[in-house]
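J.: Since the structure of chain A is already known, use the hints to place chain B on it.
Here are the chains, one letter per residue:
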Amino acid sequence: MNPIQSFLRSYDGAAVTHNLFAHLIVQGVIITVILSVLSQFAGVVIGLVLYFMRRARFQPIRWVANAYIWFFRGTPLLVQILFVYLAMPYLSLARPLRAADVFTSLGFTGIYTDSFVAGLLAFSLNEGAYMAEIVRAGIDSIDPGQMEAAKTLGMTYWLGMRRIVLPQAMRVILPPLGNEFNSMLKTTSLVSVISLYDLLGAAEAIGSPQFRTLELLTVACLWYLLLTTLWTFVQSALERRFSASSRDPGAGKVNWSRFVLPDRLFRASPGVGVGNLTR
Amino acid sequence: MSANTTAMVDAQEVHKYFHRNEVLRGISMQIQKGEVVVIIGPSGSGKTTFLRCINFLEKINKGRIYIDGELIGFRDAGGRLVPDSEKNIARMRSEIGMVFQRFNLFPHMTALQNIMEAPMQVKGVPREQAETRARALLAKVGLADKADAYPARLSGGQQQRVAIARALAMDPKIMLFDEATSALDPELVGEVLKVMRQLALEGMTMAVVTHEMSFARDVADRVIFMDGGVIVEQGKPADIFSNPREERTRSFLRKVLEPDAS
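If you read the protein sequences in the order shown, they are chains A and B. For the first sequence, my numbering begins at 1 and goes up steadily by one. For the second sequence, my numbering begins at 1 and goes up steadily by one.
Isolated chain A, as found in the complex (with noise of 0.2 Å):
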């Protein structure tokens, strides 16, 4: 019997599809959705502040900001999770946390308040360190033009930024952030060591013991990947809403569906490149 066939005869495929919509699993996906969305939007905060800290005009305000990237960027996450995870008891905040038991109240069962806080607290800290360089690049984008007719025209620094530079620079933000979290989704699951029942985590929590840990993550992947499609769609949904006035022709964005569309594709001329494609 070659290694192939052993692997097949004794992975059990109807473990799963018998515990895809598992209590436990489908909990731990919503748990995941949770986690990933408060950590992404509270990273993209952070990262907003880090911004406008390293812009400041008070130099060790930039110090701070330049010492946080440094060390979040500079250490592993998992470190940073199991550090936030296991400095939580000498904080006090372990044992209310835990007690205060929020996720039994809204019919979760066996989800610690204490692993989830310490997981957002980590997954958000990290994830500001990296959305800083994205808003940067997002802000710093938009031409000078912009905030100084802004200024010109009786606005502050802020109210320019809030309604002038900061819509703009959301369309170019966006790809990255997308990007990132479809990244986020799935670093998530770094939380099942912090014994929290994430998608991952539920998936180990019924898999080993009944020796079926194979099959639980095989359940584990097909929703994660359930989860990133979705996010694609939604992805591609806001990019088009944000860029509305940039789809016109030479506002310096591509549209690239201009390019795929049947009836264009046909009558593109030969020796384009396109047209060449079509023969």
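Source of the hints: derived by calculation from the structure; they are not laboratory data. Heads up, some of the hints might be wrong.
To be verified - Facing chain A, according to a computed beta carbon distance under 8 Å, are these residues of chain B, among others:
id, residue
1, 57
2, 118
3, 121
Claimed, not checked - Some residues of chain B that are not near chain A, with every Cβ distance over 10 Å (derived):
id, residue
4, 17
5, 23
6, 79
7, 97
8, 167
9, 185
10, 189
11, 221
12, 244
As the list claims (entries may be wrong) - With a straight-line Cα cutoff of 25 Å, these simulated SDA-like cross-link-like pairs (lysine to any residue) come out:
id, chain 1, residue 1, chain 2, residue 2
13, B, 87, A, 142
14, B, 255, B, 189
15, B, 87, A, 53
Cβ atoms here follow ideal geometry from the backbone N, Cα and C, with glycine treated the same way.
T.: Relative to the frame of chain A, chain B by itself:
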């Protein structure tokens, strides 16, 4: 030093450095209410920088500029100048309109929204009122039918006219034009100049940096020639163009008026 209270702009000994490079070396001038002053000069002469000092987009290093009797950018604390608050600078800027060489329209807003934005956000004008005014201003610059167009859909000349309407929406006391036609295709220059002439006729106080000598000759009450960060010569357009006193003015005018000669 105190302000000349009848002047709209009163610049006194203005110096401006970029690092060690002194681009304005003691500019003193006044612009009276209702006056159209055109500033000409070779590139690098400091004329654009000076214009940007008037609304404090550039911080001046020495000297004072008063707008309608009020010091801009600083407060006078017993003879010593201390930086003014951002809010106060913003308030003063809201009364100084500026038009840029590269238009700087807000690309994520339609022409109408571009014009309504500052009155609503800065002055708190109600939407309906702001919209009525914005439509009237668009009509004034000949673009009533472009209200819902995004800037990317407009030609350069149209964008610049929207930018002028946007500045006018704040009811400025003075309008600054920074090479407003320099980025335009030649056939689009006329439509923008026409709007500027109209404004001048209506009595708007204007400071115009431009290379359009015909505009300077026909519209200006006074022409200022700058070179090397100083005002070399100023006077009525007829005097400057037909009878310049300074050799630097003569050689500049020769170059711009007869570019094929020499």
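J.: None of the hints should be skipped; say for each whether it holds.
T.: How the hints compare with the structure:
Because the beta carbon of residue 57 of chain B sits about 6 Å from the nearest beta carbon in chain A, less than 8 Å, this interface hint is met. Contact between residue 118 of chain B and chain A, as hinted, is supported at the beta carbon level, the nearest pair being about 4 Å apart and thus within 8 Å. Evaluation of the residue 121 of chain B hint against chain A yields a held restraint, the C-beta minimum of about 6 Å falling below 8 Å. The beta carbon of residue 17 of chain B sits about 19 Å from the closest Cβ of chain A, which is more than 10 Å, so the claim that it is off the interface holds.
With a least beta-carbon separation of about 18 Å from chain A, residue 23 of chain B lies farther than 10 Å from that chain, consistent with its non-interface assignment. Chain A leaves residue 79 of chain B outside its interface by the beta-carbon criterion, the shortest separation being 26 Å against a cut-off of 10 Å. Once the 10 Å rule is applied to beta carbons, residue 97 of chain B is inconsistent with being away from chain A; the minimum gap is 7 Å. Consistency note on residue 167 of chain B: stated as away from chain A, yet its beta-carbon is not over 10 Å from all of that chain's, at 7 Å minimum.
With a cut of 10 Å on Cβ distances, residue 185 of chain B stays outside the contact zone with chain A, its closest approach being about 14 Å. For residue 189 of chain B, the non-interface assignment is confirmed: its Cβ lies about 20 Å from the closest Cβ of chain A, beyond the 10 Å cut-off. For residue 221 of chain B, the non-interface assignment is confirmed: its Cβ lies about 23 Å from the closest Cβ of chain A, beyond the 10 Å cut-off. Every Cβ of chain A is farther than 10 Å from the Cβ of residue 244 of chain B; the closest lies at roughly 33 Å, confirming the non-interface assignment.
Of the pairs offered as hints, the one joining residue 87 of chain B and residue 142 of chain A holds, with about 23 Å between alpha carbons and a cut-off of 25 Å not exceeded. Simply put, residue 255 of chain B and residue 189 of chain B have alpha-carbon atoms about 20 Å apart, close enough for the 25 Å limit, and the pair holds. Of the pairs offered as hints, the one joining residue 87 of chain B and residue 53 of chain A holds, with about 21 Å between alpha carbons and a cut-off of 25 Å not exceeded.
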